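Using the hints provided, position chain B relative to the given structure of chain A.
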Amino acid sequence: TQLLKQSPQFLSIQEGENLTVYCNSSSVFSSLQWYRQEPGEGPVLLVTVVTGGEVKKLKRLTFQFGDARKDSSLHITAAQPGDTGLYLCAKETSGSRLTFGEGTQLTVNP
Amino acid sequence: DAGITQSPRYKITETGRQVTLMCHQTWSHSYMFWYRQDLGHGLRLIYYSAAADITDKGEVPDGYVVSRSKTENFPLTLESATRSQTSVYFCASSKGGTSNEQFFGPGTRLTVL
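Just so you know, the sequences run in chain order A and B.
Using my numbering, the first residue of the first sequence is number 1, and each one after it goes up by one.
Using my numbering, the first residue of the second sequence is number 1, and each one after it goes up by one.
None of these hints come from the bench; they were simulated from the model.
Given the structure is predicted, the values throughout are model-derived calculations rather than measurements.
Using N, Cα and C, we set each Cβ at its ideal position, and we do this for glycine too.
Mixed in with the good hints, there may be bad ones.
[Said to hold, decoys possible] Quick partial rundown of chain B residues pointing at chain A, CB under 7 Å, derived from the structure:
1. Y31
2. L43
3. A51
4. E101
5. G105
[Said to hold, decoys possible] In the PhoX-like style, the derived pairs of lysine-lysine whose C-alpha atoms are separated by at most 25 Å in a straight line are:
6. A:K57 / A:K5
7. A:K57 / A:K70
8. B:K57 / A:K5
9. B:K57 / A:K56
10. A:K70 / A:K56
11. A:K5 / A:K70
The following block holds chain A by itself, in its conformation from the complex:
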């Protein structure tokens, strides 16, 4: 059972466009992580958000944690082909375990 719902599942856009992907849960997160996975590789951590309402920026990527800590979003400005990949959100459960969403597969076309 997936406790984290990501949307959209697939997104194909042109270079230069903006996009937002979402991660939602019915329960509160203590913290939320966003990972990016490129083809043939394992996921790599982008950011961790821990405080409700928190906004973190990583170059053209903006991560937001909802005030109620049940949702998060990732916004990419002026997407580039190098942003192509699978974006995964993950919440911590007990014992340093993570539960992952199904992911958003992003394709940025040149």
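What follows is chain B alone, placed relative to chain A:
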């Protein structure tokens, strides 16, 4: 800085055979994890380990066995492979404590015929 490695990277086997996937990390991280990744299911936790000789089941443990006699190694064994175990398997490690960032290996693509 070797990090976390998995072997083999690709494996084809037949139904009923035993297969062991290897995972090795050089950071002395306490926690290690095995996931499988399938289309439509994301990453699902198979087994995890909080330290040497301590292992526990994750979300989908049936048909798999793990051991952790040394901190740096966490092998995953499919005792009698089935077609439904065709997947990409990822090993990960984390320091634990206040840092729950997980570092992933490159994955093993397993095909069971």
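Hints versus structure:
{"no.": "1", "hint": "Y31", "in the structure": "holds, 5 Å"}
{"no.": "2", "hint": "L43", "in the structure": "holds, 4 Å"}
{"no.": "3", "hint": "A51", "in the structure": "violated, 11 Å"}
{"no.": "4", "hint": "E101", "in the structure": "holds, 5 Å"}
{"no.": "5", "hint": "G105", "in the structure": "holds, 6 Å"}
{"no.": "6", "hint": "A:K57 / A:K5", "in the structure": "holds, 22 Å"}
{"no.": "7", "hint": "A:K57 / A:K70", "in the structure": "holds, 20 Å"}
{"no.": "8", "hint": "B:K57 / A:K5", "in the structure": "holds, 23 Å"}
{"no.": "9", "hint": "B:K57 / A:K56", "in the structure": "violated, 34 Å"}
{"no.": "10", "hint": "A:K70 / A:K56", "in the structure": "holds, 17 Å"}
{"no.": "11", "hint": "A:K5 / A:K70", "in the structure": "holds, 11 Å"}
In the structure shown, a violation is registered for the earlier hints numbered 3, 9, in ascending order.
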